[in-house]
Amino acid sequence: MLMRKVMLSASVHDTDPDEGAAWVDALIERYQRAGLLDDGAYAAMRARSINRQGGPERAIRAKLAAKGVAAEHVDAAVDELREDVGGDPDMAAAVALARRRGFGPFRRPSLSAKPLPPEERRMKELAAMARAGFSFDTATRVIDAERPEDLDEDMAAFP
1 MLMRKVMLSA
11 SVHDTDPDEG
21 AAWVDALIER
31 YQRAGLLDDG
41 AYAAMRARSI
51 NRQGGPERAI
61 RAKLAAKGVA
71 AEHVDAAVDE
81 LREDVGGDPD
91 MAAAVALARR
101 RGFGPFRRPS
111 LSAKPLPPEE
121 RRMKELAAMA
131 RAGFSFDTAT
141 RVIDAERPED
151 LDEDMAAFP
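As numbered in UniProt numbering, residues 1 to 159 make up the sequence shown, in order.
Since the hints were made in silico from the structure, they are not lab data. Small disclaimer: the values here were computed from a predicted structure and weren't measured. There's no promise every hint is true.
What the hints assert, rightly or not - Here are the simulated DSS-like cross-link-like pairs (lysine-lysine), alpha carbons at most 30 Å apart as the crow flies:
hint, residue 1, residue 2
1, Lys63, Lys124
2, Lys114, Lys124
3, Lys67, Lys5
4, Lys63, Lys5
Stated by the list, open to error - If you anchor each label on the Cβ, the simulated ranges turn out as follows:
hint, residue 1, residue 2, range
5, Ala22, Arg107, 51 to 61 Å
6, Glu149, Asp25, 49 to 59 Å
7, His13, Ala66, 26 to 36 Å
8, Ala22, Ala127, 46 to 56 Å
9, Leu37, Met123, 18 to 28 Å
10, Ala62, Asp137, 29 to 39 Å
11, Ala128, Glu149, 20 to 30 Å
12, Met45, Arg100, 17 to 27 Å
13, Pro17, Arg52, 38 to 48 Å
14, Arg131, Ala41, 23 to 33 Å
15, Ala70, Ser49, 11 to 21 Å
16, Lys114, Leu37, 50 to 60 Å
17, Gly102, Asp18, 47 to 57 Å
Glycine included, each C-beta is placed from N, C-alpha and C at the ideal position.
Build the full structure now, drawing on both the sequences and the hints.
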């Protein structure tokens, strides 16, 4: 981002872009020494946030990679998330998504004049879970649970 600004500024002001790049590199180094830029802390924070919102490990890895976070920071963040959750982070995220969207044991009564048949609604819920990045096994375990208490073991690790 800063390099685009440096390049634009260099072309507008007819200056040397290498000089601006050196300034950016010096700033980045200074901020890292001061602890203001910490990819590891950022990766851990985003991993927890994505998981709390119902994002599976696959989504966490993809979003962090898209932001340019190094693979070792991503791996460390996912490992830390597994320790924090105390189990399968994908299951905890699936339960969170189901709770938020009203899937499976968290279904709300339909307010529609013509509600969907149970099997059609189940298929739509499974499709939504698949689009979110969950495996079929994880999605069916959550969607097919009879009551929220059936997921207590998985939910206990996820506030």
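Hint numbers contradicted by this structure: 9, 10
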